[in-house]
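These are the residues of each chain, in order.
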Amino acid sequence: MNAPFPLPPRAPGTDTDDIIVVADVSRHFGGRRRFLSGVAAPVVRAVDRVSFRVQRGTCFAIVGESGSGKSSLARLVVGLLRPTDGEVTIDGVPLSTLDSAGLRAMRRKVQLVLQDPRASLDPRMTVFDTLNEALTVHGLHPDRTARLDRIKSVIGLVGLNPAHLGRYPHELSGGQRQRVAIARAIICEPEVLVLDEPVSALDVSVQAQIINLLADLQAKLGLTYLIITHDLGLVEHMADAVGVMYLGRFVEQGDVGEVCGTPRHPYTQSLMAIAGHSAPISRDRPAPVLEGSIPSPLAIPPGCSFHTRCPLARRLAISTTAVVETADGRVPRPCAEDPPPPLPAPGGRSTATCHFADERLPDSDYRSNIRN
Amino acid sequence: MSIMPNVLSAPERTARPDEFARQSRWVLLRRILSQPKGVVGLTLVTLYLLLAIFGPVLAPQDAFRQNFAQTLRPPSAAHWFGTDQLGRDVFSRILVGARATLGIGVGGVAVAFLVGVPLGVLAAWRRGWIEAAVMRAIDVMLSFPDIVFALAVVAILGANTQNVIIAVGIVSIPVFARTARAVTLSILAEPYIEGSIALGANPVRVILRHVLPNISGTLLTLSTLLFASTLLSASGLGFLGLGTQAPFPEWGTMLGESRSYIRSHPYLATFPGLFLAVSALAFNLLGDALRTIYDPTSRRVARRAPLLGFLRRRAPADPAPQTADEATGLAVSVRGLRIAYRTSEGLLEVVRGVDLTIRPGRTLAVVGESGSGKSTLLRAVGTLVNPQEVAITAGEISIGGETALGLAPAALRDLRRRKIGIVFQDAANALNPVLTIGNQLAEAVTAGSRLDPATVRQRCIGLLRDVNIADPERRLDMYPHQFSGGMKQRIVIAIALAQDPEVLLADEPTSALDVTIQQQILVLLAEIQKKRGMAILLVTHDLNLVARFADDVAVMYAGRLVESGDVATVLERPLHPYTQALRASAPGGSEGRGRHLRTIAGEPPLIGRLPSGCAFRPRCQRSANRAECAASEPNVRAVAGRDVACAFAEEAMR
Numbered sequence: 001m002n003a004p005f006p007l008p009p010r011a012p013g014t015d016t017d018d019i020i021v022v023a024d025v026s027r028h029f030g031g032r033r034r035f036l037s038g039v040a041a042p043v044v045r046a047v048d049r050v051s052f053r054v055q056r057g058t059c060f061a062i063v064g065e066s067g068s069g070k071s072s073l074a075r076l077v078v079g080l081l082r083p084t085d086g087e088v089t090i091d092g093v094p095l096s097t098l099d100s101a102g103l104r105a106m107r108r109k110v111q112l113v114l115q116d117p118r119a120s121l122d123p124r125m126t127v128f129d130t131l132n133e134a135l136t137v138h139g140l141h142p143d144r145t146a147r148l149d150r151i152k153s154v155i156g157l158v159g160l161n162p163a164h165l166g167r168y169p170h171e172l173s174g175g176q177r178q179r180v181a182i183a184r185a186i187i188c189e190p191e192v193l194v195l196d197e198p199v200s201a202l203d204v205s206v207q208a209q210i211i212n213l214l215a216d217l218q219a220k221l222g223l224t225y226l227i228i229t230h231d232l233g234l235v236e237h238m239a240d241a242v243g244v245m246y247l248g249r250f251v252e253q254g255d256v257g258e259v260c261g262t263p264r265h266p267y268t269q270s271l272m273a274i275a276g277h278s279a280p281i282s283r284d285r286p287a288p289v290l291e292g293s294i295p296s297p298l299a300i301p302p303g304c305s306f307h308t309r310c311p312l313a314r315r316l317a318i319s320t321t322a323v324v325e326t327a328d329g330r331v332p333r334p335c336a337e338d339p340p341p342p343l344p345a346p347g348g349r350s351t352a353t354c355h356f357a358d359e360r361l362p363d364s365d366y367r368s369n370i371r372n
Numbered sequence: 001m002s003i004m005p006n007v008l009s010a011p012e013r014t015a016r017p018d019e020f021a022r023q024s025r026w027v028l029l030r031r032i033l034s035q036p037k038g039v040v041g042l043t044l045v046t047l048y049l050l051l052a053i054f055g056p057v058l059a060p061q062d063a064f065r066q067n068f069a070q071t072l073r074p075p076s077a078a079h080w081f082g083t084d085q086l087g088r089d090v091f092s093r094i095l096v097g098a099r100a101t102l103g104i105g106v107g108g109v110a111v112a113f114l115v116g117v118p119l120g121v122l123a124a125w126r127r128g129w130i131e132a133a134v135m136r137a138i139d140v141m142l143s144f145p146d147i148v149f150a151l152a153v154v155a156i157l158g159a160n161t162q163n164v165i166i167a168v169g170i171v172s173i174p175v176f177a178r179t180a181r182a183v184t185l186s187i188l189a190e191p192y193i194e195g196s197i198a199l200g201a202n203p204v205r206v207i208l209r210h211v212l213p214n215i216s217g218t219l220l221t222l223s224t225l226l227f228a229s230t231l232l233s234a235s236g237l238g239f240l241g242l243g244t245q246a247p248f249p250e251w252g253t254m255l256g257e258s259r260s261y262i263r264s265h266p267y268l269a270t271f272p273g274l275f276l277a278v279s280a281l282a283f284n285l286l287g288d289a290l291r292t293i294y295d296p297t298s299r300r301v302a303r304r305a306p307l308l309g310f311l312r313r314r315a316p317a318d319p320a321p322q323t324a325d326e327a328t329g330l331a332v333s334v335r336g337l338r339i340a341y342r343t344s345e346g347l348l349e350v351v352r353g354v355d356l357t358i359r360p361g362r363t364l365a366v367v368g369e370s371g372s373g374k375s376t377l378l379r380a381v382g383t384l385v386n387p388q389e390v391a392i393t394a395g396e397i398s399i400g401g402e403t404a405l406g407l408a409p410a411a412l413r414d415l416r417r418r419k420i421g422i423v424f425q426d427a428a429n430a431l432n433p434v435l436t437i438g439n440q441l442a443e444a445v446t447a448g449s450r451l452d453p454a455t456v457r458q459r460c461i462g463l464l465r466d467v468n469i470a471d472p473e474r475r476l477d478m479y480p481h482q483f484s485g486g487m488k489q490r491i492v493i494a495i496a497l498a499q500d501p502e503v504l505l506a507d508e509p510t511s512a513l514d515v516t517i518q519q520q521i522l523v524l525l526a527e528i529q530k531k532r533g534m535a536i537l538l539v540t541h542d543l544n545l546v547a548r549f550a551d552d553v554a555v556m557y558a559g560r561l562v563e564s565g566d567v568a569t570v571l572e573r574p575l576h577p578y579t580q581a582l583r584a585s586a587p588g589g590s591e592g593r594g595r596h597l598r599t600i601a602g603e604p605p606l607i608g609r610l611p612s613g614c615a616f617r618p619r620c621q622r623s624a625n626r627a628e629c630a631a632s633e634p635n636v637r638a639v640a641g642r643d644v645a646c647a648f649a650e651e652a653m654r
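Just so you know, the protein sequences line up as chains A and B, in that order.
Numbering-wise, the working numbering puts 34 at position 34 of the first sequence, and it's gapless, one number per residue.
Numbering-wise, the working numbering puts 261 at position 261 of the second sequence, and it's gapless, one number per residue.
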């Protein structure tokens, strides 16, 4: 259980300019006895021993289903949550060394953009108030005219104009609201933007505008992005590196081209098969399906947490001898009993946490047999 | 790059360049006076305040002079409101008592507010043992009747007006604290609070800038309500001789004193009672007006169903046209459908002439963005629109050969039950949390027919098997919260299938689900469709889902179908510029990495603010200010194997 989870090795040829370093970070919720009732809340391992690093000016994506812990991980990086274990280092400063005031000051460097811009802007504040608050909080541009200039330049940077400053959020369209949320995030000249599902609440025709805007801002301001998403298309388009999360852990992480192009973990393989599946679910040829649903984080399966749904384990159980019978079918013994170690890929550009990462499955095993 | 601000999408308000400067007090006053309730409330409150200040000066007679020759006199020219049991002039006493009365009301509420609200906000913010301690203390306070509690306080502190204020204030603290805690908790759960914390704002700032303004509306309303009950508590104390001490007048005390004479001399209670009631009303009105002002979202125009709207419902259509569809065997046939919302500004058209047909066993996907009218269209086909809110102004809908418009409610229900199954986006809300899955399935199975319990149970089990739920016998007795999101959506589908419908309507059936679950549900639907041969009308915004799942596609923009036809034909070579842009703007694939996505300039148009001519014109690259596009809405015509509504559709084929 206590196998070391070292930071992934630096890819060859990169320098050491890592702005985010997440080292073996865990975050557990619950477990404390409740006041006056004495009942201990059950422990949820939302994030479990995650390590990754993000180089300055690049984009790292965290992919996972709901309940995978990806949002908790984002909040650990922003400092909204404190890790139960491990260390998050931003621009060389370990967050655990900061008190709450220091943490607030650090937030100038790391800004969060939330999914639903309708909900993430205070309905009682005009666009001007929202942007002005960000400057007030960090004491920037105390001079009134300089402040107004800054606000006007940022509102232009995100593709709005000063006429929008007097509006309330409900008077803006979805795309405009997300632009305001982005403007609020960049107005204090941060180094890192953490984007939590930045486009999934928007209309399709507006999504592309926001994605392009984010790309332009990254190039113009030299920002580092940490994107939380379930959209593999967005990951392939924007990210340089990716971590695939399942039940609080990275099951596979590394270079986007490697992870998305030649996934080695059966979960990533399933996700990629589904995302890349655009042919009709024809009535004679089965479509790729990953059976079952993500287990409750209150009861994470022992061994490899993916073994309850893993198509590779099902398949290997037929050919190997060391097999155990579980509630979800027969799987190889290691899958059900030992947590898998991280296995680097031959080129060293990605790591998969799977006992059998180098066994390949014929494509057909990701296709369900439609019962008749 | 097309991130230029667009003029069309948001309602352009009259430019007020200085609007982001703080509102001055005069603006606030003007806003109060712009509402009828604000005018009445403010006027009355002002009058009461004047009364409180100048009352003693204005009193025509000495409010304390007793005259035992003239006790309990009815109203007269000398004594406008009559005299009381000691022969004092009631009118003068009311004028003199205004100060004490309003002082107690305002003071009591202020005490309760200033103590209760910080306690409640603190409890919500800190949670943990502080919250537990505060809430237990409040529970203890609430377990005493108000008056008993106030009595105890006055008994300890001594009876005078100041202590009455403290007593009635303390009595109201629990209400304020509880309410403040509850509303603060709900505000703290809002993403913008997290956004502000992530911005680096300190807790004091978050509470002052974001929490308090957003809970102020509720607290203002509560204050005005408590103003009335505070006066009543105070009058109760007065009645027991612990309030404002005689001979000083106070309305509550006067009301209390008059109770002994309520049968013989009712006017004695009438005037103090009236002044009390009107004062409570005045503060309520003013509070309501303030709430409207401080809640910018409440100023949106409310949609109002017209009174007697049912009279305007369409007359029953001729039963003639149904034979035509029966001959062709269409599961769904919609012709020339126009749907409008009833708003305070008149009818607002959201579906503007839609034709579509679905054959049994086929899936038609309607693709569009928010506001395109796609969900309204689906609801109309499902006979689910509320005639109070929505008017079907033209066109025909027939389901399985039967016309679905102009039916009596009972006939409509029958048609819906027999022929239509519906799956909405949010499975969590579609199931009743307090009924077992078995109960809810049984309700759908038995609708419109009598079956013995064993048969019903067998059918329910069969339905759960159909949607691939393992161990259905045990699952029937479970409640919705015991299932995952994907399982709940399967159950919703099972309920929709219970009556073996000819048409399944699905409104974004998978967009709330994770990708792996989404795929499971789609495969399941395809499998069920293959088995049962029903038609599916799917509404979605996801073109990739359409490509995987549908046979036919109809792209909807601003209430019209701009391009429709076979999925392979339309998606492989779209002819309408909107379809083309939708196709091109999806991110994905490593080949386009880092490059700019093709975008559609601007945002989807707002209902009721459509441009002249083609609705897509302002965002269209093909249009380029051509006169034809502005002149008239392009007709739907057949081009290269699909129907398309663009005057220059052929240009895409070159």
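Source of the hints: derived by calculation from the structure; they are not laboratory data.
Computed from a predicted structure; not experimentally measured.
One or more hints might be untrue.
[As the list claims (entries may be wrong)] Each computed SDA-like pair below joins lysine to any residue, with the alpha-carbon atoms no more than 20 Å apart:
| # | chain 1 | residue 1 | chain 2 | residue 2 |
| --- | --- | --- | --- | --- |
| 1 | B | K530 | A | R53 |
| 2 | A | K220 | A | S200 |
| 3 | A | K109 | B | K530 |
| 4 | A | K109 | B | R595 |
| 5 | A | K152 | A | F128 |
| 6 | A | K152 | A | K220 |
| 7 | A | K109 | A | R124 |
| 8 | A | K220 | A | E191 |
| 9 | A | K109 | A | E171 |
| 10 | B | K531 | A | P280 |
| 11 | A | K109 | A | E191 |
| 12 | A | K109 | A | R53 |
| 13 | A | K152 | A | E171 |
| 14 | A | K109 | B | E194 |
| 15 | A | K220 | B | N202 |
[What the hints assert, rightly or not] If you anchor each label on the Cβ, the simulated ranges turn out as follows:
| # | chain 1 | residue 1 | chain 2 | residue 2 | range |
| --- | --- | --- | --- | --- | --- |
| 16 | A | G102 | B | D426 | 56 to 62 Å |
| 17 | A | V93 | B | N625 | 50 to 56 Å |
| 18 | A | V43 | B | V39 | 22 to 28 Å |
| 19 | A | K152 | B | V140 | 53 to 59 Å |
| 20 | B | N432 | A | V43 | 49 to 55 Å |
| 21 | A | V43 | B | D452 | 45 to 51 Å |
| 22 | A | D17 | B | R465 | 31 to 37 Å |
| 23 | B | V39 | A | A105 | 26 to 32 Å |
| 24 | B | N544 | A | G139 | 24 to 30 Å |
| 25 | A | P341 | B | T455 | 42 to 48 Å |
| 26 | A | D17 | B | P213 | 39 to 45 Å |
For glycine and all other residues, C-beta sits at the position ideal for the given N, C-alpha and C.
Identify every previously stated hint that the structure contradicts and give their numbers, smallest first. 1, 2, 3, 4, 7, 9, 15, 16, 18, 20, 22, 23, 24, 25
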